[in-house]
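Colleague: Take a look at the letters that make up each chain.
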Amino acid sequence: MLSPPPRDAHGDVRPHDHEGISDGDGVIRRISPQLIVDDPKTGRRLSSLAMTPSSGENGGMSVNLQNEIEQANIDARAYVSSPPWLGAVRFEAGQLRAIELIVGYDPLPGDPHHGEVWGNFSKGKKRQLLNIANWFVAIDGVSIDG
Amino acid sequence: MNMQLRSGIYSQANSGSVMTNVFSRRRAPVTDVMGYWRSAVLDRLEELTRLNVGWDGYDGLPVSLENATFALRMLEVTCREDTIAPQIVPGPSGELQIEWHTEFGDIELLVRGPYSVHAWRHLPSLSADGEEQELTNDFLLVARWIEELSELNIVISAAA
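Protein sequences, first through last, are from chains A and B.
Residue 115 in our numbering is what sits at position 112 of the first sequence, and the numbering runs on without skipping anything.
Residue 221 in our numbering is what sits at position 92 of the second sequence, and the numbering runs on without skipping anything.
Hints listed in this document are in silico derivations from the structure and should not be mistaken for laboratory results.
A virtual CB, placed ideally from N, CA and C, is assigned to each residue, including glycine.
Any given hint might turn out to be false.
[Claimed, not checked] Far from chain B by the CB rule (all over 12 Å, computed), these chain A residues:
(1) P18
(2) H19
(3) G23
(4) I34
(5) R130
[Stated by the list, open to error] Pairwise CB distance ranges, derived in the manner of DEER restraints:
(6) A:E22 - B:N181: 34 to 40 Å
(7) A:P9 - B:E210: 51 to 57 Å
(8) B:E261 - A:D41: 21 to 27 Å
(9) A:R80 - B:R273: 30 to 36 Å
All chains should be built: construct the whole structure from the sequences, respecting the hints.
Modeller: Written as structure tokens, this is what we have:
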């Protein structure tokens, strides 16, 4: 169980690199079919927009923390592919830190194992993220290629 | 189909208003540019403005009508009549990305909001990172990129 994250005066989670998230821990991002494009070079693949943070002062890229899900005795694949039409990709926290991103804990009322990835999401960084991601819950006929 | 929403996107994009100044250097009046990509783009924009909150499995918002309108207006002044229809992808905060992917190159236009566009392209002649630029009120660069990609496809396809 992770310690509570730091919050700002409004109660929103501040960007932080949570010390309880180890480099080998799984960081999972749900993928909507809305984020798939057709590319004659690769076939159907994920758009770079699949690796984009929310806007706003503390906006990060939403993820789910695999260890937190599994410590709650929940099947992580079932958890992140709900609704059932969603796919998911997986990183290790250390891979994200290696490209100058930070990984934090941001539990939400409907998503208690929610986290955020913060940093500079340049076009090059988005493509790097696609290159290091692996399918956790694959979408048939779709590649991740950045 | 929600004709009221579709009509809203179309009429706002076609109304000129503030956009007239932004696109004052356009090559043709909007009403003259009835590219066959328009119907596909309008259908997709309508779909994206009607997404449910949380469409991405988190707290993703539907594409805003403001961004959809701006995107249509930008396409109307940068695309040729015979330009292939782009693909359009939603972002988590109401933004959208317009994408062309061909065997010979890629263009991606991230519309964060009106007057806030990140443009990126990759061609075989460029470095692996491609070429990118922030755009506000001058979209001639986009028009040139689309034209060059279209020409490249025609030339290389004809030679093959």
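Colleague: All hints, please: hold or fail.
Modeller: Status of the hints after comparison with the structure:
no., hint, result
1, P18, "16 Å, holds"
2, H19, "19 Å, holds"
3, G23, "21 Å, holds"
4, I34, "8 Å, violated"
5, R130, "8 Å, violated"
6, A:E22 - B:N181: 34 to 40 Å, "36 Å, holds"
7, A:P9 - B:E210: 51 to 57 Å, "54 Å, holds"
8, B:E261 - A:D41: 21 to 27 Å, "22 Å, holds"
9, A:R80 - B:R273: 30 to 36 Å, "46 Å, violated"
Of the numbered hints listed earlier, those contradicted by the structure are 4, 5, 9.
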